Amino acid sequence: MMDSSVKIINEWDIVAARQLGRNVAKELGFGIVDQARITTAISELARNIYLYAGQGEIIIEKVENGAKKGMTIISRDAGPGISDLRKVMEDGFSTSGGLGAGLPGVKRLMDEFSIESTLGEGTLIQSVKWLR
Amino acid sequence: MRKTIYQYVYSHNDEILNEWIELMRKEADERAIQTMSDHMFIKTSAEFVELVMSNFSESVEAFHDRAIEFSEKIVRLGWPLTMMTDGLRVFGQIVEDRMKKEGNIDHNSYVEFAAEINNWMFPMYKTITQAYTTSWERTVSLQKIALQELTAPLIPVFDKISVMPLIGTIDTERAKQIMENLLEGVVNHRAEVVLIDITGVPVVDTMVAHHIIQAAEAVRLVGAKCTIVGIRPEIAQTIVNLGINLEDVTTTSTLKKGVEQALTLTSRKIVEVQE
Numbered sequence: 042m043m044d045s046s047v048k049i050i051n052e053w054d055i056v057a058a059r060q061l062g063r064n065v066a067k068e069l070g071f072g073i074v075d076q077a078r079i080t081t082a083i084s085e086l087a088r089n090i091y092l093y094a095g096q097g098e099i100i101i102e103k104v105e106n107g108a109k110k111g112m113t114i115i116s117r118d119a120g121p122g123i124s125d126l127r128k129v130m131e132d133g134f135s136t137s138g139g140l141g142a143g144l145p146g147v148k149r150l151m152d153e154f155s156i157e158s159t160l161g162e163g164t165l166i167q168s169v170k171w172l173r
Numbered sequence: 003m004r005k006t007i008y009q010y011v012y013s014h015n016d017e018i019l020n021e022w023i024e025l026m027r028k029e030a031d032e033r034a035i036q037t038m039s040d041h042m043f044i045k046t047s048a049e050f051v052e053l054v055m056s057n058f059s060e061s062v063e064a065f066h067d068r069a070i071e072f073s074e075k076i077v078r079l080g081w082p083l084t085m086m087t088d089g090l091r092v093f094g095q096i097v098e099d100r101m102k103k104e105g106n107i108d109h110n111s112y113v114e115f116a117a118e119i120n121n122w123m124f125p126m127y128k129t130i131t132q133a134y135t136t137s138w139e140r141t142v143s144l145q146k147i148a149l150q151e152l153t154a155p156l157i158p159v160f161d162k163i164s165v166m167p168l169i170g171t172i173d174t175e176r177a178k179q180i181m182e183n184l185l186e187g188v189v190n191h192r193a194e195v196v197l198i199d200i201t202g203v204p205v206v207d208t209m210v211a212h213h214i215i216q217a218a219e220a221v222r223l224v225g226a227k228c229t230i231v232g233i234r235p236e237i238a239q240t241i242v243n244l245g246i247n248l249e250d251v252t253t254t255s256t257l258k259k260g261v262e263q264a265l266t267l268t269s270r271k272i273v274e275v276q277e
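First to last, the sequence lines map onto chains A and B. Counting from 1 along the first sequence, just add 41 to a position and that's the residue number in this note's numbering. Counting from 1 along the second sequence, just add 2 to a position and that's the residue number in this note's numbering.
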């Protein structure tokens with residue numbers, strides 16, 4: 042199993058994370074639409090790190106579950122954490138004047154999605170896209 | 003002691019160079035070796051060793067200039083900085099080992115030798131690192147300027163119709179420029195319809211969409227219509243998945259359709275000439 046990560050410190054690291062994700066997705070044989078979904082999801086997660094946590098990392102792993110193959114995107118930061126998880130998963134909720142479609146959007150773009158967050162400690166988001 | 007080292011290094015120039023090349027091949031960062039041909043590697047290595055030697059014979063200023071010139075070349079060739087710092091370390095090691103073996107230094111003179119070699123090496127580390135990072139920073143800032151130049155031009159294609167082709171990643175800085183160029187251009191070109199072409203934008207996430215929506219809204223406020231063209235099928239799907247509402251913005255799949263629509267909006271059309 043190969044995995045790799047990109048540290049998110051400035052805005053251009055978002056592009057680096059996206060690039061890595063696109064390459065892995067291509068390698069695994071995802072189609073163009075799924076590649077776009079995966080890179081967009083990475084873009085959202087990485088941007089959240091950059092905007093709200095300051096820094097963190099995006100980890101990309103290939104996963105296998107029986108005959109199923111896919112890739113996991115993990116977003117990890119030691120930022121302020123999220124106070125109301127239910128709220129950030131609602132469409133249209135934003136603290137920064139954005140569209141508020143980021144996290145619920147990622148959930149819809151990917152097949153599996155889980156989020157853990159502790160105030161003052163950070164946030165961990167894991168999501169999986171399976172190859173069909 | 004300084005003189006002894008210099009004389010030793012000077013008279014064993016070739017052997018030291020060969021040993022240095024051999025050691026660096028083994029130790030150095032693979033990136034440095036893969037990126038250049040054998041011939042180039044040897045030539046550049048020779049220049050590096052020559053640079054180190056010149057530190058003995060030349061004035062501080064002359065060495066400084068030489069280091070800057072060499073660093074610029076190295077940056078262009080894509081040698082990492084570690085290649086230069088490792089190179090210095092290896093060079094010092096070779097001189098020490100050889101001089102020890104040949105009896106030029108013994109227990110008594112070793113302390114003096116070590117001090118002298120440190121005196122020689124440390125300013126070089128500083129100069130070389132500084133020269134390297136300066137060249138590197140210069141390259142980066144030049145590229146930034148080059149990128150800015152191709153940021154977001156607004157091109158008038160017909161009377162009242164202008165196109166803004168966007169290519170590449172849209173970051174905050176660029177989004178600002180897009181907005182400025184767009185509004186300024188709309189007023190200057192007296193455009194009634196503006197087509198923003200996103201065919202060349204690799205990823206449309208919520209931030210990019212947000213900026214595009216804002217740009218379209220601002221264009222509406224100055225009295226023109228804005229159409230987003232070049233929405234590729236996969237981008238359309240991700241936009242839907244993200245749940246972004248683009249209802250208030252007109253969109254088309256290709257620039258061609260956008261131009262046709264814009265002509266209709268301004269009560270014109272393209273007709274074939276009858277011979």
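Derived by calculation from the structure, the hints in this document are not laboratory data. Here the structure is a predicted model, which is why all the values come from computation and not from measurement. Among the hints, erroneous ones may be present.
Keeping only pairs whose Cα atoms sit at most 27 Å apart, straight-line, the calculated DSS-like set for lysine-lysine is [to be verified]: (1) B:Lys-178 / A:Lys-48; (2) B:Lys-128 / B:Lys-28; (3) A:Lys-128 / A:Lys-67; (4) B:Lys-227 / B:Lys-258; (5) B:Lys-146 / A:Lys-48; (6) B:Lys-146 / B:Lys-45.
Residues on chain A that point at chain B, a partial pick, calculated with CB under 7 Å [as the list claims (entries may be wrong)]: (7) Ala-77; (8) Glu-85; (9) Asp-132.
To be clear about the criterion: a stretch of chain B counts as covered by chain A if any three or more of its residues have a C-beta under 8 Å from a C-beta of chain A, and this derived list gives those stretches [to be verified]: (10) 166–174; (11) 199–213; (12) 239–251.
All residues carry an ideal CB built from backbone N, CA and C; glycine is no exception.
>> Let me make sure I understand: some of the numbered hints might not hold for this structure. Which ones are they, in numerical order?
In response: Checked against the structure, the hints that fail are numbers 3, 6, while the rest are satisfied.
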